[in-house]
Amino acid sequence: MLMLALRRRVVWLVLLSVALAIGCRRVEPLPPEALQDLDSLAQFAQAFNDDADEHRLLVLLSPT
Amino acid sequence: MLAAYPDRDVRVHVVWFNMVRTDARDRWPRDEIVDDRATHYWDEDKAVGRALASREELAGWRPVAWDVWLLYPPGVTWGDDAPLPAARGRTIIGTREELDAAIRDVPATTPAARLPAAPTVATTRPRAPHSDLASTLNSGPTRIPLALTVRGRP
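Residue numbers (my numbering), protein chains in the order written: chain C, 1 to 64; chain R, 65 to 218.
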């Protein structure tokens with residue numbers, strides 16, 4: 001009985017470790033230069049229209 | 065969410081700008097929305113958000129469209145006015161199911177990728193608001209619940 005309980009704990013600890021390893025994986029950050037400055041709305045419109053043959057997802061966010 | 069649909073033929077334009085006091089260009093979270101299909105812009109003048117909110121149909125987003133997503137089908141172009149999307153949502157977290165459905169409905173680039181995407185299991189680990197956003201946009205089908213307990217432990 002004691003061994004069974006111990007095995008269960010070991011299994012749970014292994015599962016917990018795997019879950020933490022997956023959950024804590026980090027995405028490689030983009031380089032700072034990947035953020036392009038928009039000088040005008042026309043500049044963005046041009047970029048938007050350059051991809052007019054595809055679906056486009058537009059997301060507007062603030063950093064914090 | 066984008067990671068859950070790696071073969072969807074969609075270009076992603078992510079426009080960042082200041083909206084609250086703590087915002088700043090150098091606080092751009094570089095590890096959010098990391099995807100080859102995404103291009104990131106810094107819009108100091110909030111021009112894109114203002115242009116969208118100037119549309120009568122999007123008046124509820126005035127004065128600046130923020131924390132929103134919009135999906136446009138092929139063929140739509142940006143002219144004198146901001147174009148109206150086929151689907152949209154605000155806030156991103158609050159409309160993530162609609163956003164997920166919208167991306168899922170975009171055709172895949174290869175026939176194999178047209179198979180249904182695996183269901184996403186949301187993490188139950190407490191997260192900061194921006195982590196929620198990262199989870200919404202970057203989460204893939206392999207996420208698993210983290211709220212495990214060890215039997216017999218307090």
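Just so you know, the hints here were simulated from the structure itself, not pulled from any lab data.
In this text, all values refer to a predicted model and were calculated from it rather than measured experimentally.
Wrong hints could be hidden among the right ones.
To be verified - From the structure, some residues in chain R lie toward chain C, with a derived Cβ separation under 7 Å:
| no. | residue |
| --- | --- |
| 1 | Val76 |
| 2 | Tyr105 |
| 3 | Ser118 |
What the hints assert, rightly or not - Covered stretches of chain C (in silico footprint by chain R; criterion: 3 or more residues with CB under 8 Å from a CB of chain R, positions within the stretch not fixed):
| no. | segment |
| --- | --- |
| 4 | 32-41 |
| 5 | 52-63 |
Ideal placement from N, C-alpha and C gives every residue a C-beta, glycine not left out.
To see whether the hints hold, each was checked on the structure:
1. Nearest Cβ of chain C to the Cβ of Val76 of chain R: about 5 Å, under the 7 Å cut. The hint holds.
2. With a cut of 7 Å, the hint placing Tyr105 of chain R at the interface with chain C holds, because the nearest CB-to-CB distance is about 5 Å.
3. Checking Ser118 of chain R against chain C by beta carbon gives a least distance of about 11 Å; that is not within 7 Å, so the hint is violated.
4. For the segment 32-41 of chain C, the stated coverage by chain R is satisfied: 8 residues place a CB nearer than 8 Å to a CB of that chain, which reaches the threshold of 3.
5. For the segment 52-63 of chain C, the stated coverage by chain R holds: 12 residues have a C-beta nearer than 8 Å to a C-beta of that chain, and at least 3 were required.
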